[in-house]
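Trainee: What follows is the residue order along each chain.
Number of protein chains: 2
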Amino acid sequence: MKISIIGTGNVATHIGTALKNAKHNIVDVTGRNADTTNELATLLSAKANFDIANFDSSAEVILLCVKDDAIGAVAALLPRSQRVVAHTSGFRSFNLLAAAGDNLGIFYPLQTMKKGVALDFKKVPMLVEGSNETTATTLHTLAADISESIHSVNELQRQYIHVAAVFANNFTNHLWELAENILNEQNLNLDLLRPLIARSAENVAAHSPSQLRTGPAARGDFFTIDAHLNLLQNEPEMTAVYKVLTESILKNRI
Amino acid sequence: MKISIIGTGNVATHIGTALKNAKHNIVDVTGRNADTTNELATLLSAKANFDIANFDSSAEVILLCVKDDAIGAVAALLPRSQRVVAHTSGFRSFNLLAAAGDNLGIFYPLQTMKKGVALDFKKVPMLVEGSNETTATTLHTLAADISESIHSVNELQRQYIHVAAVFANNFTNHLWELAENILNEQNLNLDLLRPLIARSAENVAAHSPSQLRTGPAARGDFFTIDAHLNLLQNEPEMTAVYKVLTESILKNRI
Chain A
271 MKISIIGTGN
281 VATHIGTALK
291 NAKHNIVDVT
301 GRNADTTNEL
311 ATLLSAKANF
321 DIANFDSSAE
331 VILLCVKDDA
341 IGAVAALLPR
351 SQRVVAHTSG
361 FRSFNLLAAA
371 GDNLGIFYPL
381 QTMKKGVALD
391 FKKVPMLVEG
401 SNETTATTLH
411 TLAADISESI
421 HSVNELQRQY
431 IHVAAVFANN
441 FTNHLWELAE
451 NILNEQNLNL
461 DLLRPLIARS
471 AENVAAHSPS
481 QLRTGPAARG
491 DFFTIDAHLN
501 LLQNEPEMTA
511 VYKVLTESIL
521 KNRI
Chain B
271 MKISIIGTGN
281 VATHIGTALK
291 NAKHNIVDVT
301 GRNADTTNEL
311 ATLLSAKANF
321 DIANFDSSAE
331 VILLCVKDDA
341 IGAVAALLPR
351 SQRVVAHTSG
361 FRSFNLLAAA
371 GDNLGIFYPL
381 QTMKKGVALD
391 FKKVPMLVEG
401 SNETTATTLH
411 TLAADISESI
421 HSVNELQRQY
431 IHVAAVFANN
441 FTNHLWELAE
451 NILNEQNLNL
461 DLLRPLIARS
471 AENVAAHSPS
481 QLRTGPAARG
491 DFFTIDAHLN
501 LLQNEPEMTA
511 VYKVLTESIL
521 KNRI
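So the sequences go chain by chain: A and B.
Following our numbering, the numbering of the first sequence begins with 271 at its first residue and continues without gaps.
Following our numbering, the numbering of the second sequence begins with 271 at its first residue and continues without gaps.
No lab work stands behind these hints, which were simulated from the structure alone.
There's no promise every hint is true.
Identical copies carry no separate label here, and so any pair may be met within one copy or between two of them.
Stated by the list, open to error - Here are the computed lysine-lysine pairs in the DSS-like style, where the Cα-Cα straight-line distance is at most 25 Å:
| hint | residue 1 | residue 2 |
| --- | --- | --- |
| 1 | K272 | K521 |
| 2 | K513 | K293 |
| 3 | K513 | K337 |
| 4 | K393 | K521 |
| 5 | K521 | K392 |
| 6 | K290 | K513 |
| 7 | K384 | K317 |
| 8 | K393 | K317 |
| 9 | K317 | K521 |
| 10 | K513 | K317 |
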């Protein structure tokens, strides 16, 4: 298919590359920044475009790979058409695209991705939704060309998946950061814990986390919990995190 | 060296196996449960022993691989000797072993391990401490035979490492469990998030988590934060966890 990509960030780069590798034709890349737009256009053998209204009119699908807050404003600059217009946000509605036509949808890759860091797109779960059957089918087919893991989910489900992803990724990364802070305070390095982090992630690849509970809270070991809180007594923020998670573990084990 | 192992659990099994593979002689395995004791003794080509006082007197090193709360009671059953007596707890003092002599120490493998699940022990950080130079050297040498990652740390450092490990492992596993609960409520499966979990763990293997911050709190995206809290409004426990971690991320990004 002929695809127009709006945006030049991490998602635009990885989705564009995956679509190009699947023999789709990226007709143009629209961006504001000359460097990143030219760079991505070159990578995708596409035209670089700097004015949304000037996008290649041969495009059958327009993908908005832009920040959540920009979706509505970008869509308002597109002419109304029967093209499929989709955005890549995990949380926002396709209704934000209403100015651009009636064939609207979601094309959300559920993975963290960075330009320049290789990614096996076949394993990236694609969450797809369409404002009507044809649009949903078009996006589903497109997704199936780049990934083996396609999921048709409605908006509410996608929002719950998004909040679950915040727990599973953003919050866990923050806990690793707090662990690093604790170690750095003692002139120690996160390398000490990297084997443990790698192993716990490997374990959850094959098991339910509910089967992998370990540690003082899971054991109801209040001696160690109190001793840990004592060590953290000058860190009110870490203490708050420690307490709320310990409380939650204690409740879940009942 | 001739080593006597007390305990038959996950740590006893993996440490015993690693020591045997490094050509040390496990003279006996002491346990209460006949099945697990005989099983581990067979695995380690050692005698099975069921009475602590009857341990093999040729042992040069005694390793207590028992629960934290049992360390003191087990040590009290050992005769005072000049042997090296060490325990494998990440949190407790070697002073708990005082009844058994003066050459006391810590031999703590900083990894989560389960019987029957293979482990590359060479990569397991070993935290070692001795009540005197000779003991520390003996335990350091022993650790170097089974691991490439040996760390001489004092008790306070080891305790901070232990609390950091709770953040990096126990708490992250709990967040994965909460994510699974959210998905299950929507009749969805954790498989949706497993690629994301794997990728975020891979990322932290090579970067500081402070360089990997993503998500609504890291962006200061209060629209999404409020919408997430709205989705969780019937889950007071998850709401508490969401709020405290979001708060902590917001503070750290300043």
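Trainee: Which hints, by number, does the structure contradict?
Mentor: 1, 2, 4, 5, 6, 8, 9 and 10
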